[in-house]
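Going down the list, the protein sequences come from chains A and Y.
Reminder that position 70 of the first sequence reads as 70 in full-length UniProt numbering, one-by-one numbering, no gaps.
Reminder that position 351 of the second sequence reads as 351 in full-length UniProt numbering, one-by-one numbering, no gaps.
Keep in mind that the hints were calculated from the coordinates and are not lab data.
No farther apart than 30 Å at their CA atoms in a straight line, the calculated lysine-lysine pairs in the DSS-like style are these:
{"#": "1", "chain 1": "A", "residue 1": "K150", "chain 2": "Y", "residue 2": "K360"}
{"#": "2", "chain 1": "Y", "residue 1": "K129", "chain 2": "A", "residue 2": "K77"}
{"#": "3", "chain 1": "A", "residue 1": "K35", "chain 2": "A", "residue 2": "K198"}
{"#": "4", "chain 1": "Y", "residue 1": "K129", "chain 2": "A", "residue 2": "K157"}
{"#": "5", "chain 1": "Y", "residue 1": "K129", "chain 2": "A", "residue 2": "K66"}
{"#": "6", "chain 1": "A", "residue 1": "K66", "chain 2": "A", "residue 2": "K78"}
Fair warning: this is a prediction, and the values are worked out from it, not measured in the lab.
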Amino acid sequence: MANQANGEVLLEISGIHKRFGGLHALSDVALSINKGEIYGLIGPNGAGKTTLFNVLTGLYQPDEGKFTFKGIDLFRKKPNVVVESGIARTFQNIRLFHNMTALENVMVGRHVRTRANVLGAVFRDPKTRAEEAGIHERAQSLLDYVGIRKHGGEFAKNLSYGDQRRLEIARALATDPQLLALDEPAAGMNPKETDDLKKLMEKIRNDGVTILLIEHDVKLMMGLCDRIAVLDYGKKIAEGVPEEVKNNPRVIEAYLGASPD
Amino acid sequence: MLANIKQSKPAAYAGMAIFAVVLAVLPFVMGATLGNTWVRNLDLAMLYIMLALGLNIVVGYAGLLDLGYIAFYAVGAYVYALLNSPHLVPMLSGTGFEWLLHMPLLVVLPLAALLAGIFGVLLGSPTLKLRGDYLAIVTLGFGEIVRLFMNNLDRPINITNGPQGVNLIEPVSLFGHKFSQAITVFGIEFRSVHLYYYLFLALALLIIVVSIRLQSSRIGRAWVAIREDEIAAQAMGINTRNVKLLAFAMGASFGGVSGAMFASFQGFVSPESFILMESIVVLAMVVLGGMGHIPGVILGAILLFLTPEVLRDVVNPLQDKLIGERLVNPENLRMLLFGIALIFVMLVRPEGLWPSKQRKAEFHEDDDLKVKDAEKEAAHG
Numbered sequence: 001m002a003n004q005a006n007g008e009v010l011l012e013i014s015g016i017h018k019r020f021g022g023l024h025a026l027s028d029v030a031l032s033i034n035k036g037e038i039y040g041l042i043g044p045n046g047a048g049k050t051t052l053f054n055v056l057t058g059l060y061q062p063d064e065g066k067f068t069f070k071g072i073d074l075f076r077k078k079p080n081v082v083v084e085s086g087i088a089r090t091f092q093n094i095r096l097f098h099n100m101t102a103l104e105n106v107m108v109g110r111h112v113r114t115r116a117n118v119l120g121a122v123f124r125d126p127k128t129r130a131e132e133a134g135i136h137e138r139a140q141s142l143l144d145y146v147g148i149r150k151h152g153g154e155f156a157k158n159l160s161y162g163d164q165r166r167l168e169i170a171r172a173l174a175t176d177p178q179l180l181a182l183d184e185p186a187a188g189m190n191p192k193e194t195d196d197l198k199k200l201m202e203k204i205r206n207d208g209v210t211i212l213l214i215e216h217d218v219k220l221m222m223g224l225c226d227r228i229a230v231l232d233y234g235k236k237i238a239e240g241v242p243e244e245v246k247n248n249p250r251v252i253e254a255y256l257g258a259s260p261d
Numbered sequence: 001m002l003a004n005i006k007q008s009k010p011a012a013y014a015g016m017a018i019f020a021v022v023l024a025v026l027p028f029v030m031g032a033t034l035g036n037t038w039v040r041n042l043d044l045a046m047l048y049i050m051l052a053l054g055l056n057i058v059v060g061y062a063g064l065l066d067l068g069y070i071a072f073y074a075v076g077a078y079v080y081a082l083l084n085s086p087h088l089v090p091m092l093s094g095t096g097f098e099w100l101l102h103m104p105l106l107v108v109l110p111l112a113a114l115l116a117g118i119f120g121v122l123l124g125s126p127t128l129k130l131r132g133d134y135l136a137i138v139t140l141g142f143g144e145i146v147r148l149f150m151n152n153l154d155r156p157i158n159i160t161n162g163p164q165g166v167n168l169i170e171p172v173s174l175f176g177h178k179f180s181q182a183i184t185v186f187g188i189e190f191r192s193v194h195l196y197y198y199l200f201l202a203l204a205l206l207i208i209v210v211s212i213r214l215q216s217s218r219i220g221r222a223w224v225a226i227r228e229d230e231i232a233a234q235a236m237g238i239n240t241r242n243v244k245l246l247a248f249a250m251g252a253s254f255g256g257v258s259g260a261m262f263a264s265f266q267g268f269v270s271p272e273s274f275i276l277m278e279s280i281v282v283l284a285m286v287v288l289g290g291m292g293h294i295p296g297v298i299l300g301a302i303l304l305f306l307t308p309e310v311l312r313d314v315v316n317p318l319q320d321k322l323i324g325e326r327l328v329n330p331e332n333l334r335m336l337l338f339g340i341a342l343i344f345v346m347l348v349r350p351e352g353l354w355p356s357k358q359r360k361a362e363f364h365e366d367d368d369l370k371v372k373d374a375e376k377e378a379a380h381g
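Next comes chain Y alone, as it looks inside the complex (with noise of 0.2 Å):
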């Protein structure tokens, strides 16, 4: 996303370099000045930028609208919560699968995004031959059928402990050290939030650098034509089928890491944080974000997840100030915002927030065609 900055090199690099120190900062500004439950909702940006990268390979390349995407998220949450909780224990014990559990992060993320990108595979092969609509319909059902069988199958074997949901999961330990505990280096203390954030900065810019690969790949050439022209894409020899669901895994594979992120991060998944609207928040990310275009679709993750922990903190005390009572629930105005930013943009930039070049220009065809005739009429008057 840097590399598109039209600069001399050294100014460039001297960018970046700015840009990094921000970052490696930001955790501690943000919680010197507003207090550590921002730099928790930092973390969960972070989650969300995943998630939001991931659905825009789908969407945003491949051009398959998924109201379903949510799913994969539980996937990947469900896989470490099961593997690094008590929950399994008396299950597996005696079984000689003793060894599934507890396995390191290194072994766990992988598997979580292997798993998430199987489901992938699987809930998007009877959607091959359905476009548009009908895409989001199937993919909205599948979604929640993942959601109910997270929430129903706590017996006859009890595996996902139903809607009470998988408590206990253990944090992350990387090199030997627990993040739940503060580690200090340099006399500079890490909390549990910190250590968090730099692992999923870390993961979320290996997330970015895997997705512009893609995109200028000739796997993401393939995405974009299927979306442009599916019939023509088929007659140029793409395998339209393979390289559907290999979107389909690749952006589950990005939601399933970022699940078991977060099942680690809370300690504790149930299937009431994988429900539709989750699913349409982050397809909101992408599309408010600009399609396709990987800064406007982190842009667009990061609005739509701070705009609400904006609105906690700021409705409530401003109520309380002019008026001396809580009239509206921050919660409520939330979705007023929400309805009224998704309108807005949809009727004054429907290309989103920060489009890529080539999504502005597909919004604007019209625009396009007005100046070509005028052209034409000047060519031949």
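The following block holds chain A by itself, in its conformation from the complex (with noise of 0.2 Å):
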């Protein structure tokens, strides 16, 4: 893929850490993410790859540094503000709403970009229904943009692991974010899926989604990320194009240990 990135920046963040009681999970961690570009994000297990992504959607709330988004200061910010701003995400171990419909879970990513109060709910004034019907007709269509419109019905945990993990994308571009982060979203999958899953990442981003990626498929993320960060007990090691951060020796001594010379 042709780094499509036009180098405005999109997500900025300086000077992060975080800590939980005496580990410091992250330290003085930057990076910057550009409009329009699949950034990718490795490191060993342990290295605080999570728990940046929990910065970054809102979920932790870092103990200093910086966080802007499009120019707006996100530093220590709610979730849903976080979302508001145009950040979604997804979850390592999928967090479906398990006994909601597909649709449901879908629908449900709507609730930030609509306004629908308890009096529009009970009246059912024509402002509402008009938003209900748009909620509706934007859930099948993500649906349908995500390839699992005919389980609508379904409920989420009967969704089969694929499905799921396309569910839970389709739930979060419901929220119509600039930047998609997905926490590994091709853990467990089999080869088929996960070419599929590249397709979609893909199909996303030319959509002019910016998509933050986590992942342990080192193949999938070489052969799909513009630029690529290192994260190494808490601490960014490396970034730079998939080419360069191959070849990083202190990537290589990150993941395979230290050679005896």
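Fit the two chains together into the complex; they arrive one by one in their own frames, and the hints show the way.
As structure tokens, then:
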């Protein structure tokens, strides 16, 4: 994939620290994601990838640092504010609303872009009805977009594993994000499913959504990402295009251990 | 609740019409066959239906286990009682606030709902970070605190009249007619209990409609999302704090309406009516009937309210006839049956007697997994 990034910075963090008691989970992390790129985040287990993810999506409050998105300050903001400003996410261990249908899951994603309040819900005025119809239509088309429209009426928990991953992506897309953060979306998938997922991610990016991706599948990352950052022990040890990162001695050391000589 | 009957439209309308007629003549049939106590019981059952539907919003939809729900019933009851009885007259006379007393029903009811809703938010806000058992314990405490306030706010200034309660509460008066007096329309005599029945029925229907509409709205989906997975709900941009408080407020306001009606119906309120046991009974109605499912909750309310009344009517005559003396107190039997019923339901139908499709699925997750595993094996093998 050609680098479609136009150089405009979408998300920027610097000097991010996050401590859990004595554990320094993130230490002075800085990165910037450009509009339109697929930005990969890799690192050994426990490197702090998911912690960084949780910081970027507002689930964790960082201790120090700067965090701006589209120039808006998002440092220590609540998750709903982060989503509202245009960052949506999926979870490493799928977190769907299991006893809601696939369609309803995506409809929940529209919550942040809709306004109906209790009065609207009770009186069902034309505005609310139109909004509700819009939610329904959008949710249907998103199910279609990720390729699981025919499962719309099924409970989320009854979908196959790959479809659950897709549903999570559809639900995240329902919030109209400019940045979609995917936490190990290919985990547990077979090669065919991984390939389909790769195509889906490329489609999403081509439709103008920037993607931040954590993934263990290095082959997938190398073929998909425009730029990659590597975390180890809560520190960023490398950043660059896949080719650079792959040959970076510090990255090789982090993954394979130091060479004897 | 009638909407999901899968029939042709005319059949559905016919069904609804029959149902409406049954509801309309029910008090007269009951009065003629079982006596007027039963019409009274019917009225009280309506109040419990409203209560259970209110708690259903908090427990059934949003998944917040509230053991102090009866406090909002108390707030509604006391609001109505204080504003419609002579109790506050000496205190308010000459202060320029006399207009507060004897307001029309259409003002008092929304006021009771509003105040109960405000209490819902007040008592809900400290519990926002709590879940499950912890939430239950804290709400239980809040429920008791409200009752203790009612019990002790007779000094230094006598507001609630303490344990003696508030007496001489005026009955509802609508369109210039006092509900304490019978009225004759088309040669049919509508007594006080009948008038209350129709009023409570109308309010219960209103609450049912509001519940249904909330459930299938953006708000209702947000509640269920929080119940299903609070973190994921947050990550979808739901302001969980506000949405939870809204659930507390809506549930409480239903309780407030029911409480106000209770006060006018009884003519007397005291803190004794709002003990913990009442909270537990209402919760049992919701759980037994089917959490989050409106018809189920209504069924639960009717069953749990009417069982003790039936026992009272049946057990004593039966004992007299069979053994000639009264060995068992129906009141005690009620608790025994309650316990057995709850254990039975939890073992056999944990999703409740009449659950929603959703809840049923939830409680039979294992079965689904088994089916899924079997399917997987079939696919691979």
